[in-house]
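Engineer: Go by the hints and put chain B onto chain A.
Protein sequence lines, in the order shown, are assigned to chains A and B.
Just so we're aligned, residue 57 is where the first sequence starts under my numbering, counting upward by one.
Just so we're aligned, residue 1280 is where the second sequence starts under my numbering, counting upward by one.
If you are wondering where the hints come from, they were derived from the structure by calculation, not from laboratory data.
Keep in mind it's a predicted model, so treat the numbers as computed, not measured.
Keep in mind that a hint or two might mislead.
[As the list claims (entries may be wrong)] Listed below are the simulated DSSO-like cross-link pairs for lysine-lysine, each with C-alpha atoms no more than 27 Å apart in a straight line:
no., chain 1, residue 1, chain 2, residue 2
1, A, Lys-59, A, Lys-127
2, B, Lys-1335, B, Lys-1376
3, A, Lys-97, B, Lys-1376
4, B, Lys-1376, B, Lys-1348
5, A, Lys-65, A, Lys-97
6, A, Lys-97, A, Lys-75
7, A, Lys-127, A, Lys-65
8, A, Lys-75, A, Lys-109
9, A, Lys-127, B, Lys-1376
10, B, Lys-1335, B, Lys-1348
11, A, Lys-96, B, Lys-1376
12, A, Lys-109, A, Lys-126
13, B, Lys-1329, A, Lys-97
14, B, Lys-1348, B, Lys-1329
15, A, Lys-65, A, Lys-96
16, A, Lys-138, A, Lys-63
17, B, Lys-1376, A, Lys-126
18, A, Lys-75, A, Lys-65
19, A, Lys-75, A, Lys-96
20, A, Lys-138, A, Lys-97
21, A, Lys-63, B, Lys-1376
22, B, Lys-1329, B, Lys-1376
23, A, Lys-97, A, Lys-63
24, B, Lys-1376, A, Lys-109
25, B, Lys-1329, A, Lys-59
26, A, Lys-109, A, Lys-59
27, A, Lys-59, B, Lys-1376
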Amino acid sequence: DPKIIQKPKYLVAVTGSEKILICEQYLGHNAMYWYRQSAKKPLEFMFSYSYQKLMDNQTASSRFQPQSSKKNHLDLQITALKPDDSATYFCASSQDVGGMDEQYFGPGTRLTVL
Amino acid sequence: GDSVTQTEGLVTLTEGLPVMLNCTYQTIYSNPFLFWYVQHLNESPRLLLKSFTDNKRTEHQGFHATLHKSSSSFHLQKSSAQLSDSALYYCALMGYKLTFGTGTSLLVDP
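Next comes chain A alone, as it looks inside the complex:
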């Protein structure tokens, strides 16, 4: 059974629209993250959450808003979508933030903005 679920797997959106990327982890972890990967840039850290609290935000744009309704959920809302937002978005989790804890990555959501 998959331990980290990301939905949807593929997503096509039009410029200016809004989408929510879903992430749920069933590893019992306390920390969750969002990363972005595109052809232009390698793996890029976006957000980290610990016990549902924002720990770090490396995303310059307020169009990206993480939402945590439960400890094992960390969704990503993206508003006013732009073609440059096209990328694969990975959710990850670890036991806690920092230290030697391994981060486990979900399968990713591939977003294409037309």
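Structural biologist: Coordinates of chain B only, in the frame set by chain A:
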């Protein structure tokens, strides 16, 4: 802030030859944690190996790396490349957050 440098964007070599992917880092932390993640085509990244002990060799799945704090390096090595090693390799540093390098694509030819 923290940074990780992977100088090679692409490494191409023939099956059976040794592999060495370079990784150097900068951090203010005296006890950083270093990681290598591997990402195969159309898959998500997964941990390959990790270390925080100076001058101690860490091994996993035929790969090995040694953290050298004196040179701020954590190079990834393997004695004999296999076709299945073709993938994207990320070096990462845990200071106050996990910082990834730009990645090195390893392409192993038959």
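Engineer: Between the alpha carbons of Lys-1376/B and Lys-109/A, is the straight-line distance 27 Å or under?
Structural biologist: 15 Å, holds
Engineer: Next pair to validate is Lys-1329/B with Lys-97/A; report whether the Cα-Cα distance is within 27 Å.
Structural biologist: 24 Å, holds
Engineer: Lys-59/A and Lys-1376/B: Cα distance at most 27 Å?
Structural biologist: Holds, at about 23 Å.
Engineer: Take a quick look at whether Lys-1376/B and Lys-1348/B sit within 27 Å of each other, Cα to Cα.
Structural biologist: 18 Å, holds
Engineer: Could you grab the alpha-carbon distance between Lys-1348/B and Lys-1329/B and see if it respects the 27 Å cut-off?
Structural biologist: 14 Å, holds
Engineer: Quickly compare the C-alpha distance for Lys-1335/B and Lys-1348/B to 27 Å and report which way the hint goes.
Structural biologist: Cα-Cα ~11 Å, so holds.
Engineer: Given the hint that Lys-65/A pairs with Lys-96/A, test it: the Cα-Cα distance must not exceed 27 Å.
Structural biologist: Holds, at roughly 21 Å.
Engineer: Within a Cα-Cα threshold of 27 Å, do Lys-1329/B and Lys-1376/B meet the stated pairing?
Structural biologist: 15 Å, holds
Engineer: Given the hint that Lys-97/A pairs with Lys-63/A, test it: the Cα-Cα distance must not exceed 27 Å.
Structural biologist: Holds - the C-alpha atoms of Lys-63/A and Lys-97/A are around 23 Å apart, at most 27 Å.
Engineer: For the pair we were handed, Lys-1376/B and Lys-126/A, check the Cα-Cα distance against 27 Å.
Structural biologist: Between Lys-1376/B and Lys-126/A the Cα gap is close to 22 Å, so the pair holds against 27 Å.
Engineer: Decide if the proposed pair is consistent with the structure: Lys-127/A and Lys-65/A, CA atoms, cutoff 27 Å inclusive.
Structural biologist: 22 Å, holds
Engineer: Within a Cα-Cα threshold of 27 Å, do Lys-1329/B and Lys-59/A meet the stated pairing?
Structural biologist: 21 Å, holds
Violated hints for the displayed structure: none, as all numbered hints are satisfied.
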